[in-house]
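Undergrad: Quick mapping for you: the protein sequence lines, in order, are chains A and B. Residue numbers for the first sequence follow my numbering, so the first one is 1 and each next one is one higher. Residue numbers for the second sequence follow my numbering, so the first one is 1 and each next one is one higher.
Derived by calculation from the structure, the hints in this document are not laboratory data. All clues given are correct.
Taking beta-carbon pairs under 10 Å as the criterion, some of the chain B residues facing chain A (in silico):
#, residue
1, Met1
2, Asp47
3, Arg72
4, Leu96
5, Gly97
6, Ala99
7, Leu176
A few chain A positions that, by computed beta-carbon distances, are all more than 12 Å from chain B:
#, residue
8, Gln12
9, Gly88
10, Asp117
11, Gln136
Think of the CB as a built atom: it goes at the ideal place given N, C-alpha and C, for glycine as much as any other residue.
Below, each chain spelled out in residue letters.
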Amino acid sequence: MKIKFMLNDRSQTWHTEPGESLLDLLRRHHVVSVKKGCDGSTCGVCTVLMNQKPVLACTVLAVRCAGEHIHTVEGLADEVEKISEAFGIEGADQCGFCNPGIALALYALKAEHPEADAAEIKQYLEGHLCRCSGYQSQVKAALRYLGEAS
Amino acid sequence: MIHIEQYHKVDSLEEAYRLLQKYETAVLLGGGAWIRTGSKPLEHVIDLKGLGLDTIIETKDSLSIGAMVSLRAMETHAGIRQLGGGFLSEALSQILGVAFRNTATVGGSIMGKFSFSDLLTPLLMLDVTLQFYDAGPMRLTTFLAQRGRLKDILQAITIEKKACRAMFKKVANTALDFSIVNVAVAIVEGRYRIAVGARPGTAILAESVMAWLDTVESPTEATWKEAGEKVVETIKLGTNQRAHESYRQQLVKTYVARGLKEVSGS
Ligand SMILES: Cc1cc2nc3c(=O)[nH]c(=O)nc-3n(C[C@H](O)[C@H](O)[C@H](O)COP(=O)(O)OP(=O)(O)OC[C@H]3O[C@@H](n4cnc5c(N)ncnc54)[C@H](O)[C@@H]3O)c2cc1C
Ligand code: FES
Ligand code: FES
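Isolated chain B (complex conformation) (with noise of 0.2 Å):
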């Protein structure tokens, strides 16, 4: 059992971001599986249910999944399955079982900004803003390049639907394990996105390599294999407990080049 001194069960948004701000050890509940982890008493746990946070709105443009949505309702949703051939999808369903996606939450996932996540990897190749209840909308790539805790309530992400192929690929010993590496790797309106995760660092876009391939007229199968190289000499891959940082760079070389072929239908 966690040790929780105060639950606050609030009726609105403005009370949970007011005990937020009033607060400094202040914790938002998302679906709690990963506050559940932890083995520090928290002094104050403001419940995010019940806030209409839990809905997926679709539109011609775009998809808004509130941060309450289970990934698993994410991943089901007919839109999402739609989104660069079901990559999304695919992705999310690869994160432990069903029952337990069916509690862990979009909002969680994102606002921890998990080093092993299967799902920012994904999300980067597609055009996404965070909608926060404070700070307004902000993109994706800057939340995840920013330092520190962001003291705010993730509403909703947004994604832009735009013509996408995309592939990802978890690398992990079993199905129920934590990515060693995990690579995501898309073609959006004729133009490259790569990113790589669990580095074992956070998600993050290999744009020197993507803006590389741009300018790459007739790309062959050694363009692909030289991406690789290229992603494993500008993104900094490392060792930890579950892999060295040379059989990282392996796996990266590989399923960036096996990708890039995927999407590009070559």
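Bound conformation, chain A alone (with noise of 0.2 Å):
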């Protein structure tokens, strides 16, 4: 079956089978910056944004995105560029797998909560498993992001 959906602001339709997940759908057409880790909505790594709020794409079916807009950090440039440079700067950024779910997740808490603190951050990314970087750096840096948006 076929699917049109806007990605990324722009207009794709695309094959897919009723049980592909949005995450496979993506992938094969290559855009990786949406990571399969655990495949079974548990690490995070997969996030997009659909119609600006996060989800897994390995949980979502590709065919519930017909006329949805998703968003990846391609499409994104600017503010990940923002979020990419608190990263920098508080140390956040390490093997990098987990950081375009991460960095999807605090663009959405900005739309959301830009005012949110410490604690809320964390609980906000409850859900995005980091194998590196101990998540105190990656609060910070999303202090820093939301503190230099406001």
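Both chains are given apart, each in its own frame, so use the hints to dock them into the complex.
TA: As structure tokens, this is what we get:
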């Protein structure tokens, strides 16, 4: 079956199978910033924005994206640049595997709750596993990003 | 990738219900987060998206939450946040991460009757009615007590607003784990409620202990402790790979007593 949807503000019509996840669909089309980790809803590395809200691409069926707006870090370059800068300064960026997912979560957090404090950031990032950072530096980077944005 | 032989995009609830009855193996698609975890091929999947089941309607006396409302939309709704001091939002916020809760739905979470559910246990603190397409209204407690699969479409749940103080406790190894056990305690219009979930069986009310507590005239710290002990005597707790029965008993005793202390303000 074919589905038509907006990917990073451009219309796409792609073939999919009813059981295919959005994650597999995107990666088949070389949108590889969206990582495949657990493929089971528990690591957060496959996070994308669906109508500006973070969702797990491994958990959403691709058919469900017909008519919707999907954003990945490729489509939010300016804002992601600011997040990367904050990550760099705070040392939150090590192997980088978790970063696209966390960057999109922070983008959504800024829209939802720009005054979030450290505890609220930590709670919002629950579900994003990082094997390298120990999480403290990511919370600091998030505070820096939200602080600079406001 | 899960294997779906036929995906049905329908235009109405009537059509969804007709297909559900027509095909013995038909499955309704809520958020799809749980369905995805299965390994068996699915013959007929009926999508409930786009049928108007994704709104929350608040009136003076009640909240009606559509079955396709996401767990996150429920958690962040101002009316839900006000119920019983926000315990329901607090419980929902402990189910995986925000991105997951933006997909998983209220309907899928109730119809799954998941034994580990962090939604069913706190919902038992409230007067909740499920609205089914064919069966009409049904109390949550009646639904939970039923055995077997109900081949119907859950359209919405209605929560009656009542004066309530409540707490919910999830015990899990990490924030992303299933509950080892969970406990909800409330005082609703002056009467006690206690529920235990992930026993590892599905959430259940400790009705005899609730009735006993209602008869105690001046409860003290000792009453809360006794209530915790009575709960583990009357509610079946068991052993599975997450915890031993005796560990669950200790947890339930402790959190029931603490919860009663907290909600009673003593
Ligand atoms: C990895 C993982 C971890 C989880 N951890 C937790 C946790 O810690 N705590 C917790 O409480 N929950 C947890 N859950 C469960 C989760 O919160 C949801 O309850 C679950 O995903 C079902 O919601 P869904 O919308 O995805 O339902 P679906 O997967 O779409 O459906 C689940 C079932 O309900 C049926 N159904 C769906 N909607 C309706 C309807 N309107 N009417 C009739 N039948 C319907 C489906 O046919 C299916 O049988 C977890 C789930 C996963 C996948
Ligand atoms: S790959 Fe989607 S949550 Fe891990
Ligand atoms: S930086 Fe390596 S997983 Fe997060």
